[in-house]
Amino acid sequence: MTDRAILHSDLNAFYASAEIVMHPEWQGRPVAVCGSVEDRHGIVLAKSQQAKEAGVRTGMVVREARALCPDLIVAEPHYDRYMTFSRLVRKIYARYSDLIEPFGMDECWIDVTGSARRWGTPVEIAERIRREVRKETGLTVSVGVSFNKVFAKLASDLKKPDAVTVIARENMKETVWPLPVSSLLYAGPATVSRLERFGIRTVGELAAANEETLRGWMGANAMLLMRFARGEDLSRVMRDGESMPVKSVGHGITCNADLYTPDEVRRVLLELSQDVGMRLKEAGLLACGISVCVKDNRLECEQFMSSLPAPTRSRREIAEAAYALFCRRYEMVRGVRAVTVTAIRPVREKSERQLDCFGDYRKKDRLDRLESAVDNMTLRFGAAALRPADVLTNFKTQNRHSYLSVLPHGVVK
Amino acid sequence: MSERGVHRVPLSVEAVFLTDGRLRPRFVIFDGARYEIERILSVATRRPTGIACIAPTEYRVTICGTEKKIYYENETGVWFSVKEGV
Ligand SMILES: [Mg+2]
Chain B
1 MTDRAILHSD LNAFYASAEI VMHPEWQGRP VAVCGSVEDR HGIVLAKSQQ
51 AKEAGVRTGM VVREARALCP DLIVAEPHYD RYMTFSRLVR KIYARYSDLI
101 EPFGMDECWI DVTGSARRWG TPVEIAERIR REVRKETGLT VSVGVSFNKV
151 FAKLASDLKK PDAVTVIARE NMKETVWPLP VSSLLYAGPA TVSRLERFGI
201 RTVGELAAAN EETLRGWMGA NAMLLMRFAR GEDLSRVMRD GESMPVKSVG
251 HGITCNADLY TPDEVRRVLL ELSQDVGMRL KEAGLLACGI SVCVKDNRLE
301 CEQFMSSLPA PTRSRREIAE AAYALFCRRY EMVRGVRAVT VTAIRPVREK
351 SERQLDCFGD YRKKDRLDRL ESAVDNMTLR FGAAALRPAD VLTNFKTQNR
401 HSYLSVLPHG VVK
Chain G
1001 MSERGVHRVP LSVEAVFLTD GRLRPRFVIF DGARYEIERI LSVATRRPTG
1051 IACIAPTEYR VTICGTEKKI YYENETGVWF SVKEGV
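Chains as they are written, first to last, in the numbering used here: chain B, 1 to 413; chain G, 1001 to 1086.
Just chain G, same shape as in the assembly (with noise of 0.2 Å):
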């Protein structure tokens, strides 16, 4: 329903959360697979155009090679990608 079919979809993750209180993802599952997260490139608070959320932290990552970004929105802690197309 949104623009350009821009959704989000949940995420199952396992994620560390560090002595400063900080979060870190470390494995995305998903169709059942478990996925490593090889590198986290940046952490960002970034509402991602389109996309109904609570200001989510944004964290550019690193899966089987190819740059991937996934959000944490605090307020509800669901875990979430965006998706384009119907």
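The following block holds chain B by itself, in its conformation from the complex (with noise of 0.2 Å):
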């Protein structure tokens, strides 16, 4: 079997790109697009180059990035206009395969092994659409140019902007080997840290690794970042407009107020859990896991995950998991900034569940009776018509980000 050709284009700060093709007189200046840019507390989403080289970071509040670059440009996002350039960068994309799969708004994946015969290398249309995103747009893209998603992703962190990076089997052990295993896609903050305990910081030595050993420390998942860091990633770039399954639900929220006791993270819970348990309905899913995501008021970040008693997309038993989980795992040093729940390993309703043989199933039954009766009214007259009275109570919160999140198919089961 020939080699596939993957490639992985990324706009390159793609908001503040955009902010600065739409004002041209911002352009070799910083510029910072800010959510709720009144609000002292907004944060940053994205920034020029100028800008990152003055030291602003995504997630900083806006007080803090003007404090360390005085004459920054703060712009307030505009996501239709995102969304327009999005799709005309992708329409630049459809010239060359109509294999392509969006991952987020600013990058894709296209598979271009059937199109080397009509527009040369994978290089050259690489190339190709790098010259035309900028021609054509104003944006720039970087390119990564490998033989399956992961590294073709990885590639196109290795050099920004307006770059086309190549990892062929041949340079991949120079290339990506010496990197942390954190630039690998789907290492998340914990599982990195868990493998620097066993003494596994780069993707050669996670490449390296025994798998019987990995798989004892930490499971299926190691396993399948040990084949990613072989460059044994098989997942297939799905054509687009293919329907992808739903992995996860989630709700986040930034507070405009640091929480520093328990119980205020326990409401701030429980009101996330409200649009989770309501988008699991409209999804028709329940979920078997639920993960917390808390990041204190340094923009340090730590996750847990753990599994529910049964399926679920009960509010009150998400928001119970979730609390009950923050209780076991977090340590309140610090105040926290923002907080998100996500529903994980969701599984359609009708699919046959393993049940709990200890639960109330009696209970259960009325409280799904409850729960479908404050759905209805929340479809009805809306998310603030009914509420728990807990959550009536003013608290810390603003500037909500709620997601359904995909992942590329067959990458993670």
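Calculated directly from the structure, the hints in this document are not laboratory data. For clarity, every value in this text was computed on a predicted model and none was experimentally measured. Note that beta-carbon positions come from the ideal geometry of N, C-alpha and C, so glycine has one too. Please note that the accuracy of each hint is not assured.
From chain G, some residues computed to sit far from chain B (all C-beta separations above 12 Å) [claimed, not checked]:
id, residue
1, Leu1011
2, Leu1018
3, Asp1020
4, Arg1022
5, Leu1023
6, Arg1024
7, Leu1041
8, Cys1053
9, Thr1062
10, Cys1064
11, Gly1065
12, Thr1066
13, Glu1067
14, Lys1068
15, Gly1085
Below, a list of computed lysine-lysine pairs in the DSBU-like style, where the Cα atoms sit at most 30 Å apart [to be verified]:
id, chain 1, residue 1, chain 2, residue 2
16, G, Lys1068, B, Lys135
17, G, Lys1083, B, Lys135
18, B, Lys159, B, Lys173
19, B, Lys295, B, Lys247
20, B, Lys91, G, Lys1068
21, G, Lys1069, B, Lys281
22, G, Lys1069, B, Lys135
23, B, Lys159, B, Lys135
24, B, Lys295, B, Lys159
25, B, Lys160, B, Lys173
26, B, Lys135, B, Lys52
27, B, Lys363, B, Lys281
28, B, Lys52, B, Lys295
With the hints in hand, could you dock these two chains into one complex?
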């Protein structure tokens, strides 16, 4: 079998670059696109190269960013505009392949294995894409070229902006293996620090690890990551428009003042679970597990996961499980700035499920019917119509972000 | 305000949609006069440097025997030309 040719194209500093295209006088100046600008607690969503050089980081509060970079231009986000640019750039990719898989608004994988005869080598196609995006839109892309999706994505991160980087089988040991494990897609902070405790810091060390030992330490997810490190990612690029299974439903919030007590966090978790449960219902899904991500006021992030006793979309059960997980695993040393609750490992509602043999099903059934009634009211009258009394108290939340995260097909089971 | 005072000047244009959906400008109306577009030399998507616009179509044309560039921004439906200087 001959190798596939996969490109990963990533729009550089997308939101900030799009704002600069629409404000050419900002070219070459430090620009940051920030959520809720009027509010002094708005955070940086994207920044230009000049802002980055001045120390401005994504997730930073506007006030901090301004302190580091007094002449920072703070722009409001224009999502409709970004959608337009995103669509136009995808049309450029579509000239070279119909196998295009978007990953967020600014990234796409493009399988050009079958395009070589017509358009030249994969690198030539990558160069064409890079030039055409810049010429036609004024935005720039970094394009990674490789024989699998994980390395193509990694390659697009190596050289920015406006560049093409190749990771071939011949040079993967020199280019990829010295890099930290965190440069691999799906290597989250928790996995990275776990691997580090076992002395595995680089991609090469992960690739060389003993399979059985690694499985014993960390389970199946680490095995997947190890295969990625060895260049054995076989996941395919999904044709544009092909349906992708929903992999998680999450909702997060950045608080406008730090949370200092577990009870404050509990109320935020309850609030977030309202949205998660609602959207699981809309999608006809039940969650088999939850994940809680906590960011403290130094923007250090910790993520925890746990299974649920039985698949559910009960908002109360999700909230309770999230709070229990938080209490069990998180040490509140500093104030908490942001919290996200994510329902993971969703299953279709009608699929068979393992029931917890010690659960109280009569109570669960009553709870289900109660929540169903609340859902119907929410559908008819909006999210604010009926809420647990607990979340009515005025607490420190704003700046919500929800998402349906869809992982590339075939990567995670 | 933009670099070296490059800016866009909106144009009034008479254009024809061909049966295959392509758009072809025929006349530019400027200062009350109607100027015929004699030839279309090339058509390409191109953002003129330093101009705020969303991936416009650039038409290189000849008007009164001289070569000009005019742009059509599909997202807004606006025709414009680029003027240098203040
Ligand atoms: Mg990007």
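Hints and how they fare:
1. Non-interface status of leucine 1011 of chain G relative to chain B is upheld: no Cβ of that chain comes within 12 Å, the nearest being about 19 Å off.
2. Distance check for leucine 1018 of chain G against chain B: the nearest CB is about 20 Å away, which clears 12 Å, and the non-interface claim stands.
3. Its beta-carbon lying about 18 Å from the closest one in chain B, aspartate 1020 of chain G satisfies the requirement of being farther than 12 Å from that chain.
4. The beta carbon of arginine 1022 of chain G sits about 16 Å from the closest Cβ of chain B, which is more than 12 Å, so the claim that it is off the interface holds.
5. Annotated as non-interface, leucine 1023 of chain G keeps its C-beta farther than 12 Å from every C-beta of chain B; the closest such distance is 17 Å.
6. Distance check for arginine 1024 of chain G against chain B: the nearest CB is about 20 Å away, which clears 12 Å, and the non-interface claim stands.
7. Residue-level check passed: leucine 1041 of chain G sits 17 Å from the nearest beta carbon of chain B, beyond 12 Å.
8. The beta carbon of cysteine 1053 of chain G is not kept farther than 12 Å from every beta carbon of chain B, the shortest such distance being approximately 8 Å.
9. Listed as outside the interface, threonine 1062 of chain G is consistent with that label: its C-beta sits roughly 23 Å from the nearest C-beta of chain B, beyond the 12 Å cut-off.
10. With a closest Cβ-Cβ approach of about 28 Å to chain B, cysteine 1064 of chain G is found to remain outside the 12 Å limit, as its non-interface label requires.
11. Every C-beta of chain B lies more than 12 Å from that of glycine 1065 of chain G, the closest at about 28 Å, which supports listing it as non-interface.
12. The non-interface label for threonine 1066 of chain G is consistent with chain B: the shortest C-beta to C-beta separation is roughly 24 Å, beyond 12 Å.
13. Every C-beta of chain B lies more than 12 Å from that of glutamate 1067 of chain G, the closest at about 19 Å, which supports listing it as non-interface.
14. Every CB of chain B lies more than 12 Å from the CB of lysine 1068 of chain G, the least distance being 20 Å, so the non-interface label holds.
15. With a cut of 12 Å on Cβ distances, glycine 1085 of chain G stays outside the contact zone with chain B, its closest approach being about 15 Å.
16. Simply put, lysine 1068 of chain G and lysine 135 of chain B have alpha-carbon atoms about 19 Å apart, close enough for the 30 Å limit, and the pair holds.
17. Between lysine 1083 of chain G and lysine 135 of chain B the CA atoms are separated by roughly 19 Å; this keeps the pair inside 30 Å, and the hint holds.
18. Straight-line distance between C-alpha atoms of lysine 159 of chain B and lysine 173 of chain B comes to about 18 Å, which keeps the hinted pair within the 30 Å bound.
19. Pair hint lysine 295 of chain B plus lysine 247 of chain B holds up; C-alpha atoms about 22 Å apart against a cutoff of 30 Å.
20. Distance hint between lysine 91 of chain B and lysine 1068 of chain G is fulfilled; the C-alpha atoms sit about 27 Å from each other, no more than 30 Å.
21. Our distance criterion of 30 Å between C-alpha atoms is broken by lysine 1069 of chain G and lysine 281 of chain B, whose separation comes to about 54 Å.
22. Among the hinted pairs, lysine 1069 of chain G with lysine 135 of chain B is consistent with the structure: their alpha-carbon atoms are about 15 Å apart, no more than 30 Å.
23. For the hint linking lysine 159 of chain B to lysine 135 of chain B, the alpha-carbon distance of about 19 Å falls within 30 Å, and the restraint holds.
24. Between lysine 295 of chain B and lysine 159 of chain B the CA atoms are separated by roughly 29 Å; this keeps the pair inside 30 Å, and the hint holds.
25. Only pairs whose Cα atoms come within 30 Å are accepted, and lysine 160 of chain B paired with lysine 173 of chain B is accepted, the gap being roughly 21 Å.
26. At roughly 24 Å between alpha-carbon atoms, lysine 135 of chain B and lysine 52 of chain B fall within 30 Å of each other, so this suggested pair holds.
27. For the given pair, lysine 363 of chain B sits about 20 Å from lysine 281 of chain B by alpha-carbon distance, which is consistent with the 30 Å threshold.
28. For the proposed pair lysine 52 of chain B and lysine 295 of chain B, the alpha carbon gap of about 21 Å is at most 30 Å, so the pair holds.
Consistency with the previously given hints fails for numbers 8 and 21, ordered from lowest to highest.
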